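K.L.:
Put the complex together from the two separate chains, hints included.
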Amino acid sequence: MGSENGAAVCAEHVAKHYRMGEAMVRAVDDVSLTVKPGEFVAILGSSGSGKSTMMNLIAGLDRPTTGAIYAHGKNLAEMNSGELARHRSQTIGIVFQAFNLLPRMTLAENVELPLRLAEVDREERAGRVNQAIERVHLSGRASHRPSELSGGEQQRVALARALVNKPTILLADEPTGNLDSKTGDEIMTLITEINQSGVTILMVTHEQVRAEKYARRMIVMKDGKVVSDGGQR
Amino acid sequence: MKMRDLTELAGRNLREAVLRNSLTTLGIGVGVASLVAILSLGVGLQQLASSRLANSGLFNAVIVMSRENMRGGFGRGRGMTADTTASVPPRPLDEEARKELATIPDVAEVYPEVRFPTGIKFGDSTYPTVVAGVPQSSKGSGAYDGIEGAFFSGPEAQEAILQIELAKQLSPNPNALIGQNVTLNYAERQALAASADGGISGGFSVVPHEEQLKIVGIIETEPATGAGGFGQVRMMIPLNVAEKLQAAQTNDLRSVLGGNGGRPNYSSLTVKVNDPAQVEAVEDNIKARGFGAFSLVDASKNLTLIFRVFDTLLGSFGGLALVVASLGIVNTLVMAILERRREIGILKALGASDGDVKKLFFTEAGCMGLLGGIFGVVLGWAIGRGINFGANVYLHRQNLPSIELTAVPVWMVVFAIALSIGVSLAAGLYPASRAAKLNPVEALRYE
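Top to bottom, those sequences are chains G and B.
17 is the number of the first residue of the first sequence in this note's numbering; add one for each residue after it.
5 is the number of the first residue of the second sequence in this note's numbering; add one for each residue after it.
One or more of the hints may lead you astray.
What the hints assert, rightly or not - EDC-like mimics (lysine to aspartate or glutamate), calculated; alpha carbons at most 20 Å apart, straight line: (1) B:K6 to G:E125; (2) B:K362 to B:E446; (3) B:K362 to G:E99; (4) G:K229 to G:E209; (5) B:K363 to G:D239; (6) B:K6 to G:E99.
Derived by calculation from the structure, the hints in this document are not laboratory data.
In this text, all values refer to a predicted model and were calculated from it rather than measured experimentally.
Excised from the complex, chain B in its bound form (with noise of 0.2 Å):
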């Protein structure tokens, strides 16, 4: 029989129980359901967790560190390793290796990691923090998609994006603050001359100092200005300007103390990337330079392996409702045989063939997957949708930004709906060889 006439009497037959065959379609698609929801929530965390990271931009970074820093600390990632460097003696991170840096293939900017403690004065009281400069490139990396406000005018904007931490002990309506100035407290590191009696020379002396900032910006969370170190950043200004502010650093002491002239070191230098997939060459370039560098590609395929056992984990509690409900397909099936066998001795008179009628059969199971599988998609994705609405009333409340907390991406439309037939498939497997094999003669002489 051809599939198009397969498909009409098997449709035919299904309408013949509707309530039957909808009860079981039905309880296909709940399998099919509590599967897209259980696995969208997965993958919703998924994407919610890639896209803060890589909204970090973390992922398409290097990080370098001056070798001797990264030592029993911070740093030990991939390859940093004593016989892959040692050969290379290791080198200062000065002016000279940021521009060297910038040479390497597929290196997009290069930036120093700017960062030091202040007093922002606003109104009549100071408030310490911490102050990290931001290039302008960071505007396109999605970190500040969320911001209230916005970004900085231009690389020497004398402006500052405050995280709502902050804004929030400096006014309880953080987003009066915008266009409002605040006054930065820092420590401005002023060279001394060498000593004339050849001691110690490149010190510097710290002088007190204030510069007046407008506040552009808030945003909700604390994007990734470096390496890290002491402290939170809750305020950002642009590289430029802080790099003019020779504002003291932590690192400053070391170089004074390390005896290279008095030439600023950077604590770390950011490395950006073209295309996350390079990271690990220009990862594995600069420490053939003699620096110290790490990334975050490890760290971000055992992201993808852990949420991916994750929504394995998930998929099979979902798939388990799906099992039990082909359970019903079998139960359906086999009725639909006993109150048929005479159907299916006439149509073995009429010159259908055992394949005929096991297809007919499978075509039934198979149609019944069908319309589990839609039914089911939808469900379960009006059950995500509906996830995604409690968490986020329950985050509105609390203050705290939007999320899309489930997702059904378009794969997994197509893996539960096909999963949906396969299974009705493989439940109607003995109901459509029992059919098939029903001794005509007999099936004829049924009442």
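Here chain G stands alone, though its shape is the one from the complex (with noise of 0.2 Å):
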């Protein structure tokens, strides 16, 4: 179904069980869900609702126990851990709330690390490097390492990152739960504004006054359960 109608990711009765001593913990239970190419989709929820372990499941990195996760019509479950690295690195671009970048390397250096993964050749590299960096509007600051940046200001990198491979899907997880209201919303902008240039975003926030005034369509998460798709606003 999901390589059939188009949609840039779709989720077929998706669940993710954990065993944690004798308790079987379902983070996701039966989840379903469709979303379309170039879509801003926030998936709200409190902590422990199962939205983050969506997000990995949709990102690849992890499995699902049941069910079938599609992107872009080719379903994560069938394939090995070399095709998940592909999708990852190809596919989709990830943000997380904690930045995670790699202290000891400079901004430009943590921006080219998914192309050194993907192999593009070396002076393909600097071009792309530096439209990424001018992109999230860090310019002059190539050579600062993280340590060096605020946190809005790796969360750009972050976001540079994310985008150097030209993915068509961006996750990103709580990308504004580190951040003052102020940068929280400069970032919510470079994401709109990514989106408007036809990346597909799934953002998993707890935010939902920012969720409403960036994403086009929520759905809310609760016990690993859909409890809501509003639909394309």
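P.N.:
Here is the structure:
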């Protein structure tokens, strides 16, 4: 089904269960959703609702216990670990709440990392790194290390790194969670711009106000299930 | 990930924990150094022994003796069995035989062993010793490379080379003897005419004789001058001169009693072969002609085998240190995985495959192995030089000539570095696969 409707992301009865001692934790429980190309979807929910687990499954960082996830029609469950790595490298860009930049690398080197992993030619890399850095308005800071940047700037570097390999889907896990209100809005504006350039956005957040302001569709999760899918606004 | 990127990232990671990685690399280096130092000693000793033996001129020579003379004693060498030679009648080792042997393919020259007891008069004293004739071709054999003074100026020169022990007897300052004359007292053989009653013919009388010779050189060790025999040769003179002296030799008595008509028989002939590889073939050819023959080919093969076993044993001990050092790599990389857990998660989130992560850790292990290997080779070479220096200081104090006790050939450098990298990669196998198997979600959660 997912391969037929041209969806950017399609989840069909996805479940992810963990065993914690004697107890079985149902982090994601029979979730089905479809995200069309170019959509800006916010997945809302409180802590433990399963939204981050859902994002990890879509990213191919984890595998569902049951169900299937399609990205542009390709079933992630049928991919081996190498194909999943290629999926993360070529189709997906990810930003995290904690930025997850490598501290000993400069801004430019951090942004260049996905290109190294994707074996992009050295000659091509410099141009693409500069382009990505310009896109997040950090030209002139390329040689700085993450410790020399503010939180907002670090998240912008993370965005540049996520975009440098020209992904079609951007997954953002609480991208403003570590930022103040003003900086958070700046990042959200940037993500909106990225969305307007045609990149599908799936953002996991617990900030309803911000989600309502920027996202065009909101999915609410609770106890591993989708309790509300607002549809396209 | 491309190799260049892997190497860059690995280098960056290694610099990040520079002290720990340097110590690990140093450990590998010490392991490689012990291996190289021990092996260089083994190889050096082998080369020393081989060159000494090669210089002796015995490895491209076949010693030919009359077959009767060889029975029950000297020359029970390769092929000296009854079945190979029994069908061919024994032949006397005379001038005719000498000419015949010279016609065998691959034979460079044939010369007799001329070796006789003598007394050397120098000053007021006479010193008993043994004199041997040496062919002019020996000059280029390497046996006289360390000579003080010079080799004979020509094959007919009335000159002598002394062995150092004799020279020391003659003078406390042996080098001062060069250019001085000595008098050789020897027993000249004079043939007797056949007796009128038809008795034993071909006998000879022995007449004392003297010959003046100029000392031109002094040599440390006695070069091989043929099949050997009684006494240590301590004076060498040109072979042509020695032959012309007609000095009585031990085999002369045998010639007379053997009833060969008084024709001189050689005690042995040395057949020099162009290529040591042809020694066996020439030896067989000579035996087929009814002569007894032996060479040191088999001895040299055994020597090589013994040294290989020796090197393997030494290498095993040296290799143990490297194996112990490799445990340091395992420890360092396992620690690195713990410290870089989150980084591994980030790399995977950005598109690194399990293989990329594995290769990254492998490259780090390989880099440590390469650097440790290079450092170890240099250190091992330096230790070898140190051993060499110490040994030569000792030899110098004992008034003995310098030697090269250790050797680090190119193959050893390549082998040591390759082994270091190989052992390091093997040590990196477990940490690398452990890193590759890390769950990226759990790794990203790691603080």
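K.L.:
Against each hint, give a clear statement of whether it holds in the structure.
P.N.:
Hints and how they fare:
1. B:K6 to G:E125: holds, 16 Å
2. B:K362 to B:E446: holds, 18 Å
3. B:K362 to G:E99: holds, 16 Å
4. G:K229 to G:E209: Holds - the C-alpha atoms of G:E209 and G:K229 are around 14 Å apart, at most 20 Å.
5. B:K363 to G:D239: With a Cα-Cα distance of about 40 Å, the restraint between B:K363 and G:D239 is violated, given a limit of 20 Å.
6. B:K6 to G:E99: holds, 17 Å
Hint violations for this structure: number 5 only, all remaining hints satisfied.
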